[in-house]
Amino acid sequence: MPVEVRRIVSLAPNMTETVYALGAQDRLVGVTTYCDYPPEATVKEKVGGPLNPSLEQIVALRPDIVLVAKTANRRETLEALERLGVSVYATNPKSVEEVLDSTLRVADVIGVREQGDRLVALLRARLAALKQRIAGRPLRRVLFVVWHDPLISVGSNTFLADALHWAGGEVAIESGREWPQLNLEEVLRVQPDFLVFASAHAAPVKDTVNDLRARPGWRNLEAIRQNRVAVVSDAVNRPGPRLIDAIEELARQLHPAAFAQKSETRYSILDIRRANSPADLLSDAISEYRISSFEFRRAVGGQAPSQRGEACNP
Amino acid sequence: MQPLTPRRLAWICGGLAALLLVVVVVSLKLGAVPISVTDLVVNLGRVAIGRSDSLPSDQRLIVFEIRLPRILLGILVGAALSVAGAGFQALLRNPLADPYVLGVSSGAALGAIFSLLVAGQTTAAMPFAAFAGAALTIGAVYLLGRRGGYLDSYTLLLAGIVTASFLSAVIMFLMTTLSGRDLRGMAFWLMGDLSSPIPVDLKWLFLVLALSAGAIYTTAADLNLLLTGEQEAMHLGVDVPRVKLVVYVSASLLTGVAVSVSGAIGYVGLLVPHVMRLLFGTDYRLLIPTAAIGGAIAIVVADTLARTIVAPTELPVGAMTAMAGAPVFIYLLRRRMQ
Numbered sequence: 002m003p004v005e006v007r008r009i010v011s012l013a014p015n016m017t018e019t020v021y022a023l024g025a026q027d028r029l030v031g032v033t034t035y036c037d038y039p040p041e042a043t044v045k046e047k048v049g050g051p052l053n054p055s056l057e058q059i060v061a062l063r064p065d066i067v068l069v070a071k072t073a074n075r076r077e078t079l080e081a082l083e084r085l086g087v088s089v090y091a092t093n094p095k096s097v098e099e100v101l102d103s104t105l106r107v108a109d110v111i112g113v114r115e116q117g118d119r120l121v122a123l124l125r126a127r128l129a130a131l132k133q134r135i136a137g138r139p140l141r142r143v144l145f146v147v148w149h150d151p152l153i154s155v156g157s158n159t160f161l162a163d164a165l166h167w168a169g170g171e172v173a174i175e176s177g178r179e180w181p182q183l184n185l186e187e188v189l190r191v192q193p194d195f196l197v198f199a200s201a202h203a204a205p206v207k208d209t210v211n212d213l214r215a216r217p218g219w220r221n222l223e224a225i226r227q228n229r230v231a232v233v234s235d236a237v238n239r240p241g242p243r244l245i246d247a248i249e250e251l252a253r254q255l256h257p258a259a260f261a262q263k264s265e266t267r268y269s270i271l272d273i274r275r276a277n278s279p280a281d282l283l284s285d286a287i288s289e290y291r292i293s294s295f296e297f298r299r300a301v302g303g304q305a306p307s308q309r310g311e312a313c314n315p
Numbered sequence: 022m023q024p025l026t027p028r029r030l031a032w033i034c035g036g037l038a039a040l041l042l043v044v045v046v047v048s049l050k051l052g053a054v055p056i057s058v059t060d061l062v063v064n065l066g067r068v069a070i071g072r073s074d075s076l077p078s079d080q081r082l083i084v085f086e087i088r089l090p091r092i093l094l095g096i097l098v099g100a101a102l103s104v105a106g107a108g109f110q111a112l113l114r115n116p117l118a119d120p121y122v123l124g125v126s127s128g129a130a131l132g133a134i135f136s137l138l139v140a141g142q143t144t145a146a147m148p149f150a151a152f153a154g155a156a157l158t159i160g161a162v163y164l165l166g167r168r169g170g171y172l173d174s175y176t177l178l179l180a181g182i183v184t185a186s187f188l189s190a191v192i193m194f195l196m197t198t199l200s201g202r203d204l205r206g207m208a209f210w211l212m213g214d215l216s217s218p219i220p221v222d223l224k225w226l227f228l229v230l231a232l233s234a235g236a237i238y239t240t241a242a243d244l245n246l247l248l249t250g251e252q253e254a255m256h257l258g259v260d261v262p263r264v265k266l267v268v269y270v271s272a273s274l275l276t277g278v279a280v281s282v283s284g285a286i287g288y289v290g291l292l293v294p295h296v297m298r299l300l301f302g303t304d305y306r307l308l309i310p311t312a313a314i315g316g317a318i319a320i321v322v323a324d325t326l327a328r329t330i331v332a333p334t335e336l337p338v339g340a341m342t343a344m345a346g347a348p349v350f351i352y353l354l355r356r357r358m359q
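Residue numbers (the numbering used here), protein chains in the order written: chain Z, 2 to 315; chain W, 22 to 359.
Hints are computed from structural coordinates only; laboratory data are not their basis.
The beta carbon of each residue, even a glycine, is placed where N, CA and C say it ideally should be.
Incorrect hints may have been included.
[What the hints assert, rightly or not] Calculated pairs, DSS-like style, for lysine-lysine (alpha carbon to alpha carbon, straight line, at most 30 Å):
hint : chain 1 : residue 1 : chain 2 : residue 2
1    : Z       : LYS95     : Z       : LYS71
2    : Z       : LYS47     : W       : LYS224
3    : Z       : LYS45     : W       : LYS50
[What the hints assert, rightly or not] Far from chain Z by the CB rule (all over 12 Å, computed), these chain W residues:
hint : residue
4    : GLY36
5    : SER73
6    : VAL84
7    : ASP173
8    : ALA185
9    : ALA190
10   : GLU253
11   : ALA345
I would like the entire structure built from these sequences, with the hints used as guidance.
Here you go:
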């Protein structure tokens with residue numbers, strides 16, 4: 002491990018986001034073509050897609066460290082880099098807690114321990130506040146719809162299932178597999194309280210739900226009939242710091258009553274995006290990280306930042 | 022058709038080898054990272070006179086540790102698959118035969134998947150497990166494909182195809198039980214991929230492949246007679262059961278070894294022998310060496326395209342072989358008909 006990390010290559014969108022959240026973006030010399038958040042990341046030098054990057058492009062950038070996410074990259078790439086004598090740091094978080102831990106470790110590895118401690122303390126505080134806010138409310142049984150035809154959902158031992166739990170939900174149908182293909186009959190029998198979709202935009206989800214409403218089976222789901230459908234930013238698919246935003250966003254939709262008292266409202270990034278007068282929100286002394294996240298959004302004129310987000314979905 | 026003389030053989034093979042050399046040098050120059058012709062020539066010169074220690078370090082890494090090993094592996098795999106394809110086409114007397122028709126690649130894939138299920142932490146065991154899978158399949162298909170004590174082309178073909186479909190079904194079943202990361206790796210493996218070659222000793226690989234291809238070459242004259250019909254060949258004194266056994270075992274070995282180190286790269290083994298037949302005729306004494314060099318050229322060209330057309334992202338080479346190879350083949354086929 003080099004003493005001082007001056008040149009970082011990130012091979013996964015969540016690692017890129019982590020480096021930015023830690024304020025170490027100046028040292029980021031290479032990213033993948035999927036790294037679309039924050040938007041500034043898209044102008045960094047590209048090394049290819051997460052699954053099939055160009056080894057020679059990575060080597061040519063002379064990185065002190067290459068950050069790898071086992072959820073996004075192939076083991077073959079990691080092993081080939083190690084054989085070429087490139088330092089690689091791989092993360093594989095399986096829960097929200099492990100996402101925070103891995104953020105701390107990455108901060109340590111790239112030599113910004115203090116920023117890491119600050120960022121993670123802040124994220125933990127937000128999670129604690131959220132936990133308090135939804136304490137005592139019944140867990141919503143959720144069907145996380147990764148894909149609807151065939152119906153693919155998330156397994157019980159994934160960081161997504163854990164994120165659901167933090168948001169006051171639980172996986173309606175348990176599965177040991179990472180991306181289980183579910184039987185619609187079973188979904189009908191279980192009748193989940195909510196359907197959750199991850200998408201950069203709300204509009205395509207609305208179209209999908211309207212389409213499902215006309216289909217046999219789906220139209221018999223109570224959640225569809227009563228329009229109990231939650232849409233979260235596709236950041237929920239990326240085990241990085243923005244996962245906490247997505248959790249807050251989801252909790253707000255699963256437990257609207259808990260967020261009814263206006264005075265205590267904590268603004269999530271999505272609220273900032275939706276707000277008409279950002280200046281008012283800024284006065285609310287939101288955290289450093291969130292201000293910077295807001296800046297990213299504003300920089301693209303309120304556009305949703307991840308056009309290519311779906312392509313990252315497994 | 023012109024008669025085959027040693028002179029004609031030497032000219033054609035020499036010409037193809039020269040073409041391969043040109044393709045290799047061009048492939049060494051092209052890539053996601055631009056390398057100037059001067060730098061490449063100077064560096065190649067340094068290596069040629071044994072002064073490789075004076076190379077600039079990232080040029081050494083990119084040209085000699087990333088591009089060159091990949092090209093050399095591609096040459097060996099391409100040659101092996103094409104010779105195996107030519108062998109199977111004669112053995113089965115079927116122009117549609119390719120190295121994978123008898124299930125060798127499916128067996129190798131199954132072995133690779135088993136190694137991921139059992140020892141998922143590393144891919145180091147994958148080529149060995151893949152070869153074990155290929156070897157078991159070769160044995161099983163041999164036993165199933167015999168009729169009256171020796172290999173019967175049609176029984177062998179049917180036994181191989183059924184074994185291949187059975188193994189593919191098992192692969193699909195197992196793929197659904199693998200976790201996401203392994204699944205992604207396997208998808209690349211099934212398409213054939215040279216982008217992160219496993220560290221194999223190319224000398225040993227070359228030795229095994231050269232011995233197998235050599236064994237097929239010893240039967241070249243007999244294969245020419247076999248193509249006129251088994252009865253005819255037998256009357257002309259060909260030991261048909263022995264020839265079939267040699268070709269079956271050698272071509273399967275070539276396929277099994279190639280697939281174990283690079284995944285199932287498609288179409289090269291089917292197309293290249295046909296292209297060589299269209300260009301130089303059907304004489305197996307000429308076809309086998311030209312298929313070997315032609316297969317090497319095809320893979321190096323396809324892999325160079327795979328790593329440059331959407332650079333810096335890389336495509337699996339298997340996606341390029343058919344895309345680039347099929348139009349060439351159709352062109353040659355139509356031209357010959359006119």
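To see whether the hints hold, each was checked on the structure:
no., hint, verdict
1, Z:LYS95 <-> Z:LYS71, "holds, 10 Å"
2, Z:LYS47 <-> W:LYS224, "violated, 35 Å"
3, Z:LYS45 <-> W:LYS50, "holds, 25 Å"
4, GLY36, "holds, 31 Å"
5, SER73, "holds, 16 Å"
6, VAL84, "violated, 9 Å"
7, ASP173, "holds, 40 Å"
8, ALA185, "holds, 25 Å"
9, ALA190, "holds, 17 Å"
10, GLU253, "holds, 49 Å"
11, ALA345, "holds, 18 Å"
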